[in-house]
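**Q** Each chain is listed here by its residues.
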Amino acid sequence: MAPESENSQGDEMESTAQKGSLSDIAAARVQKQPGNNALGVGLEARGVHAWFGEKHALSNVSLDFWPGTVTALIGPSGCGKSTFIRTLNRMHEFIPGAAMAGEVLLNGEDIYAPGVDVTKIRLKVGMVFQKPNPFPSMTIAENVLAGLKLAQLKAENKDDLLEECLERAGLWSEVKDRLGTHGGALSGGQQQRLCIARALAVRPQVLLMDEPCSALDPGSTLRIEETISQLSSSVTIVIVTHNMQQAARVSDYTAFFLSDGGPGQMVEVGSTNDIFSRPKDERTENYVTGRFG
Amino acid sequence: MSTVTKPTVPAPRKPWAASPKDRAETGAILAIAVLISWGVVAATPLKGKLAYAAVFFIAYLVIDFAVSFRKAGRPAAVDSLFRSLVTTAIAIAVTPIISILVTVWIRGHHGLHWTLFTKDMHSNAFTDPVNQGGLLHAIIGTFLLVIFAMIISVPIGILTAIYLTEIRGRFTRPIEFLVQAMSGVPSIVAGLFIYAAILIPFTKTVNGIQGSLALAILMIPTVARTSQEVLKLIPGDLREAGVALGGTQWRSVALVVVPAARSGLITAMILGVARVAGETAPILLLTGGSGTKNFNVFSGSLGSLPNYVWQAFSAGTPEAITRAWAGILVLLLIVVILFTAARVLGNRKVGKK
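Quick note, the sequences are listed as chains C and R, same order. Sequence positions in the first sequence follow the numbering used here and run 1 to 293. Sequence positions in the second sequence follow the numbering used here and run 1 to 353.
Some clues are possibly wrong.
Some chain C residues flagged as far from chain R (calculated, every beta-carbon gap over 10 angstroms) [stated by the list, open to error]:
#, residue
1, Asn89
2, Lys131
3, Arg283
Here are the computed lysine to aspartate or glutamate pairs in the DMTMM-like style, where the Cα-Cα straight-line distance is at most 20 angstroms [claimed, not checked]:
#, chain 1, residue 1, chain 2, residue 2
4, C, Lys131, C, Asp110
5, C, Lys120, C, Asp110
6, C, Lys131, R, Asp128
7, C, Lys124, C, Asp110
8, C, Lys120, R, Asp79
9, C, Lys158, C, Glu142
10, C, Lys149, R, Asp128
11, C, Lys149, R, Asp79
12, C, Lys131, C, Glu103
13, C, Lys131, C, Asp117
14, C, Lys131, C, Glu109
15, C, Lys176, C, Glu163
16, C, Lys154, C, Asp177
17, C, Lys131, C, Asp160
18, C, Lys124, R, Glu240
19, C, Lys131, R, Glu25
20, C, Lys55, C, Glu44
21, C, Lys131, C, Asp217
Since the hints were derived computationally from the structure, they do not count as laboratory data. Ideal placement from N, C-alpha and C gives every residue a C-beta, glycine not left out.
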């Protein structure tokens with residue numbers, strides 16, 4: 001057996017995923033070509049740094065997210081992946097003492113430019129969190145449509161939108177008979193798909209997913225991964241994951257982040273196939289083959 | 001795994017529970033302590049109920065300590081001693097409350113009858129037989145005072161809590177300190193403040209709304225602190241999810257955080273009401289004590305339950321005293337009902353109907 005699969009993280013997936021090395025899994029995917037999609041110019045990070053108070057958490061990350069692709073951010077804990085993803089929709093500034101430098105361009109315009117309406121940015125760049133967090137006071141239907149209410153948007157036909165979003169999140173058939181019940185009664189995986197449906201209802205151009213499966217069982221994880229694959233044609237997806245098999249299964253591009261005790265940096269980015277089968281940097285190779293991390 | 005015999009299920013036991021022997025031992029220790037307290041009170045100049053209680057308490061602690069020491073050594077004895085002390089502290093804390101409830105019931109229940117809730121005192125004196133006249137004006141007055149105090153204090157209290165937990169500006173610390181300090185303000189101070197700030201310079205007479213203002217001053221810290229604790233329990237994830245969906249902070253708080261905390265906020269409100277429903281000092285100063293029904297808080301003397309009780313006690317005859325106890329009983333019942341409502345609403349799980 002190849003050494004890669006023995007040491008790979010996320011062994012919980014082994015029963016449901018194809019057996020084989022990470023590079024095999026990655027190679028089995030059909031690589032999407034950048035820019036083959038009418039989803040705008042896309043999202044670009046240019047020399048992004050981030051701080052928490054005095055602590056320099058992320059240093060000089062430049063990364064392009066091509067429209068209609070899935071980009072996975074991998075790396076050990078504390079390497080700045082989550083910090084980075086939160087700079088992409090300006091959730092980073094929510095943490096007291098946070099600071100940043102650099103530019104994040106959405107369709108060519110800097111989202112940190114003065115005068116930019118931050119709520120509009122977050123509508124275009126949606127987010128799914130690590131822990132499923134449906135709104136406890138709302139029913140399933142209200143949860144999905146919550147974004148419209150929060151952002152004061154109008155929908156042509158709410159029922160159609162509700163069905164469409166739940167369908168895209170792969171949840172419609174499971175909940176269509178109980179849309180009026182509270183979201184808290186769903187299983188963890190269903191709750192997370194409800195959160196995905198909720199994020200889709202405001203029609204984001206980009207969807208950020210911060211370890212969306214880390215709190216879920218393998219079956220639910222697989223459902224979410226299917227959802228991600230189905231969504232990737234219509235939404236640009238950025239996913240942070242600790243599970244390298246997941247990165248290999250769902251992503252077109254992979255970026256490896258690492259912190260050598262100082263601020264986190266992006267070591268290498270490339271097509272997922274390249275990162276898992278022929279990484280250029282030795283540190284990437286050590287990580288994806290499980291020699292450390 | 002392959003056998004088909006049905007496994008026999010053993011009867012459930014509790015091996016850790018006290019055995020009959022243990023219970024007999026505890027009973028014996030209690031009995032000996034009672035005997036000792038009886039003997040000591042009989043033999044020494046110590047007299048009275050308090051002496052019995054004190055001697056019994058000390059005797060019980062000593063014997064219990066000695067028995068556990070012999071049986072299981074020093075750590076177990078200290079553990080047992082500590083448990084006895086804690087139990088005693090609870091007993092001491094609860095005794096006055098139960099005593100108050102029992103006394104009020106014993107003295108007040110024969111003053112209770114139907115006309116209390118249907119009649120007021122406009123054509124009766126406190127010294128009339130108990131079945132004439134009633135509390136209606138006082139109940140109406142107390143409700144009006146409390147409702148207007150609520151209208152003033154609940155929005156201020158909840159918005160303060162939202163400032164403290166959601167906005168967290170530069171003034172968070174000083175305001176938090178101020179709110180905590182304010183919850184210790186004696187009610188007479190709140191009463192005198194309104195008296196000096198409103199009654200003397202402006203109205204120059206008693207009315208209901210002045211009482212409500214004073215009660216609001218007392219309610220705001222309770223509502224704000226309880227609401228703050230409730231809002232702190234709402235996970236930060238929900239706030240982030242609200243904002244990540246393109247809501248402004250205000251809409252995220254109003255549509256996500258506050259609804260999630262709804263039952264807790266209702267509890268905060270009711271605790272505030274219960275805090276002020278029986279307040280007497282500011283009421284005596286500010287609202288007057290009419291015996292006639294008055295539905296207008298903005299003009300005229302307004303009767304209230306605390307005022308009724310105070311007047312009835314002042315009248316001094318046996319009928320009046322019985323009225324006073326009945327008034328206290330009704331007031332206590334209202335407060336107990338409110339607290340129960342707060343518990344029931346507070347325990348209800350968020351998101352379940």
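**Q** Against the earlier hints, flag every one the structure doesn't satisfy and list their numbers going up.
**A** Of the numbered hints, 1, 2, 4, 6, 8, 10, 11, 12, 13, 14, 16, 17, 19, 20 do not hold.
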